[in-house]
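Assemble chain B onto chain A, guided by the hints.
Given next are the chains, with one letter for each unit.
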Amino acid sequence: MKSKRGDFTGEGLELLLAVIAILLVIAVVGALWNIFVNSEEQNAKKTANLIEAKINALGEGQGNVFLVQGFSGSENWFITGWSKAELGRPDACYFDSCVCVCRKLTGAAALTRIDEASYAALCKEKGFCRIFKSADSIKVTETRSEGAKVSYILLKGNILDINITKIGRDVSLSRDNTLLGNGEKTPSTAEQKQALSSV
Amino acid sequence: MGDKRGILNRKGEMTSTQLILLILTIAGFVVVLLFILAFKSGSYTEDEICKLSVLTRATSPTALNTYVPLKCTTKKVCLTDGSGKCEGALAGENPEVIKLPSGDAAAAKKIEEISANAMYDCWNMMGQGKLDLFNGGIGTATGVTSQKAVSCVICSRIAFNASDNIIKNVDIDSYLRKNKVPGSSLTYLQSFTDAGVSSYAAVDSDIMTKIETNNDVNTNKFTFGDVNDANQKVGQLAVVFVQIKPGSYGGNLEKLANTGIAVTAASFLMAPTATLRTVGAAAGHFYITGIAVGGVALYSMSNVYAGKVAAAGYCGKITGTAIKEKEGWSVYLTSNPLKWFESGTIGCSGVQIVPYDVKAINSICQSIEGSP
Numbered sequence: 004m005k006s007k008r009g010d011f012t013g014e015g016l017e018l019l020l021a022v023i024a025i026l027l028v029i030a031v032v033g034a035l036w037n038i039f040v041n042s043e044e045q046n047a048k049k050t051a052n053l054i055e056a057k058i059n060a061l062g063e064g065q066g067n068v069f070l071v072q073g074f075s076g077s078e079n080w081f082i083t084g085w086s087k088a089e090l091g092r093p094d095a096c097y098f099d100s101c102v103c104v105c106r107k108l109t110g111a112a113a114l115t116r117i118d119e120a121s122y123a124a125l126c127k128e129k130g131f132c133r134i135f136k137s138a139d140s141i142k143v144t145e146t147r148s149e150g151a152k153v154s155y156i157l158l159k160g161n162i163l164d165i166n167i168t169k170i171g172r173d174v175s176l177s178r179d180n181t182l183l184g185n186g187e188k189t190p191s192t193a194e195q196k197q198a199l200s201s202v
Numbered sequence: 179m180g181d182k183r184g185i186l187n188r189k190g191e192m193t194s195t196q197l198i199l200l201i202l203t204i205a206g207f208v209v210v211l212l213f214i215l216a217f218k219s220g221s222y223t224e225d226e227i228c229k230l231s232v233l234t235r236a237t238s239p240t241a242l243n244t245y246v247p248l249k250c251t252t253k254k255v256c257l258t259d260g261s262g263k264c265e266g267a268l269a270g271e272n273p274e275v276i277k278l279p280s281g282d283a284a285a286a287k288k289i290e291e292i293s294a295n296a297m298y299d300c301w302n303m304m305g306q307g308k309l310d311l312f313n314g315g316i317g318t319a320t321g322v323t324s325q326k327a328v329s330c331v332i333c334s335r336i337a338f339n340a341s342d343n344i345i346k347n348v349d350i351d352s353y354l355r356k357n358k359v360p361g362s363s364l365t366y367l368q369s370f371t372d373a374g375v376s377s378y379a380a381v382d383s384d385i386m387t388k389i390e391t392n393n394d395v396n397t398n399k400f401t402f403g404d405v406n407d408a409n410q411k412v413g414q415l416a417v418v419f420v421q422i423k424p425g426s427y428g429g430n431l432e433k434l435a436n437t438g439i440a441v442t443a444a445s446f447l448m449a450p451t452a453t454l455r456t457v458g459a460a461a462g463h464f465y466i467t468g469i470a471v472g473g474v475a476l477y478s479m480s481n482v483y484a485g486k487v488a489a490a491g492y493c494g495k496i497t498g499t500a501i502k503e504k505e506g507w508s509v510y511l512t513s514n515p516l517k518w519f520e521s522g523t524i525g526c527s528g529v530q531i532v533p534y535d536v537k538a539i540n541s542i543c544q545s546i547e548g549s550p
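As they're listed, the protein sequences go chains A and B. All the letters of the first sequence, read from the start, carry residue numbers 4 to 202 under this note's numbering. All the letters of the second sequence, read from the start, carry residue numbers 179 to 550 under this note's numbering.
Don't read these hints as lab results, they were simulated from the structure. Bear in mind that the values here come from a model prediction, so they are computed numbers and not experimental data. By construction, the Cβ of each residue, glycine as well, lies at the ideal position given by its N, Cα and C atoms. Errors might be hidden in some of the hints.
Mimicking PhoX-like on lysine-lysine, the simulated pairs with C-alpha atoms at most 20 Å apart in a straight line are [stated by the list, open to error]:
hint : chain 1 : residue 1 : chain 2 : residue 2
1    : B       : 346       : A       : 48
2    : A       : 152       : A       : 136
3    : B       : 287       : A       : 49
4    : B       : 356       : B       : 288
5    : A       : 48        : A       : 127
6    : A       : 87        : A       : 49
7    : B       : 346       : B       : 287
8    : A       : 127       : A       : 87
9    : A       : 48        : B       : 254
10   : A       : 49        : B       : 254
11   : B       : 277       : B       : 254
12   : B       : 277       : B       : 253
Label-pair restraints from in silico Cβ distances [what the hints assert, rightly or not]:
hint : chain 1 : residue 1 : chain 2 : residue 2 : range
13   : A       : 62        : B       : 206       : 55 to 61 Å
14   : A       : 48        : B       : 280       : 53 to 59 Å
15   : B       : 201       : A       : 35        : 40 to 46 Å
16   : A       : 25        : B       : 239       : 22 to 28 Å
17   : A       : 124       : B       : 280       : 54 to 60 Å
Extracted from the complex, chain A is given alone in its bound form:
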């Protein structure tokens, strides 16, 4: 493998080193991607786990307000849910009721996905669903100003309060955004439309 002058020769060695170097670069980039880019997804997953824990902590007939802490990128996610009997649920819900934390589309793509059926598609693409075998129905609603009700709750960049109640086999997650006095601004009509179109 050495020439008379002591230099390494052979294209085979160079090729081998090049392959090793490329593999290492891919591994490092992959690991960094997991640490940095996946952080938002990990936090969304944590949020889904937290909501699951809060629902499970409630006894029959109980309700409470829980706070959902925001994270970097949390405005890109929303909470929604499906009842056992509803059609078009994400596969992750199997045959049960479920609550999902899913990533909404952003930019131009968001405008083409405004119907309810698209929630499931979004959750299938990127979402974390938690099933509740003991619940027949799951209802997720957010009341916005001007009385509009939407069947999802957008996460916020700071703190969000969600009212969770468990009555019989029905679980409801709701948020009344029309109430003032909690330090937050009621979204304008334009902001609401923007929010709706981006889910």
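Okay, now just chain B, sitting in the frame of chain A:
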């Protein structure tokens, strides 16, 4: 051709020097990979991971640093007198459960100690307020997007399963002022500011009048633990690290001043004990340190729990030329006018203990980073 000979010899073969360089490069990659794997495998504690991510973000290029996530997970602590484990407030969140000693005074002291340590740990973990952690990334650097005004990290949440009598005895402000940090000759208050500080900033009477007469104050009034307390007798405090950025001082502090809890942030700016501090000759930077607590407490005292909130802060500037006092700040600057810089990185950082409540947190933080 001459250049080419520098890489390969005449036969196009790799020389031993080049091979060594290549091997060293590969070894470098391996080291980085091992570091990353260790980072992921849990070899580091949560605090170490948080510190590393803070340093990584602070030392990254401005345009990129916002994309470096802060890997700081909110710690959950349950302080209990033995009657429960904060199930209502921290269900499913694996809190560290600490049993309070018997006796109201001893239990209150323990709460003060844990809260003060949580503030201190948070402050240290976030670089003592001297690191620029929320600069908005490439969007802000290029002027395409505006920067979020007030960003926060919630370092800890402290929930209580304790009687009202215990809570009423808690005085974190006083504890910070009178007690020394373990292993240090400085009190907590001095550690947050500097050794010359021994008391909190006085509250300007104009500000208090403004607070008391402002209608927004009344509508934004919060009650500690009003989310959970009514039914479960469990309240929660949050240790929040806050950083306020350039261009947002006036408006945001004005806004913050409308809520009792957040006036602590505003009161950084009227700290009569402000001192100049040199931080690193190499950097050539200097900072103005301010501290104020008490101020807001006047308003908050109407509520026995909210009166226990505490804050410590640090306002700094990282450029060399003082230009003029910012307009619109005079209300905050009456005690001790501070000169501010028009350009460069400037910011106020603070660590506050506030009720873990939508009203309290959202009136301070427009965005939260770290992990829930």
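Q) Any of the earlier hints contradicted here, and which numbers? A) Failing hints, ascending: 1, 2, 3, 6, 14 and 15.
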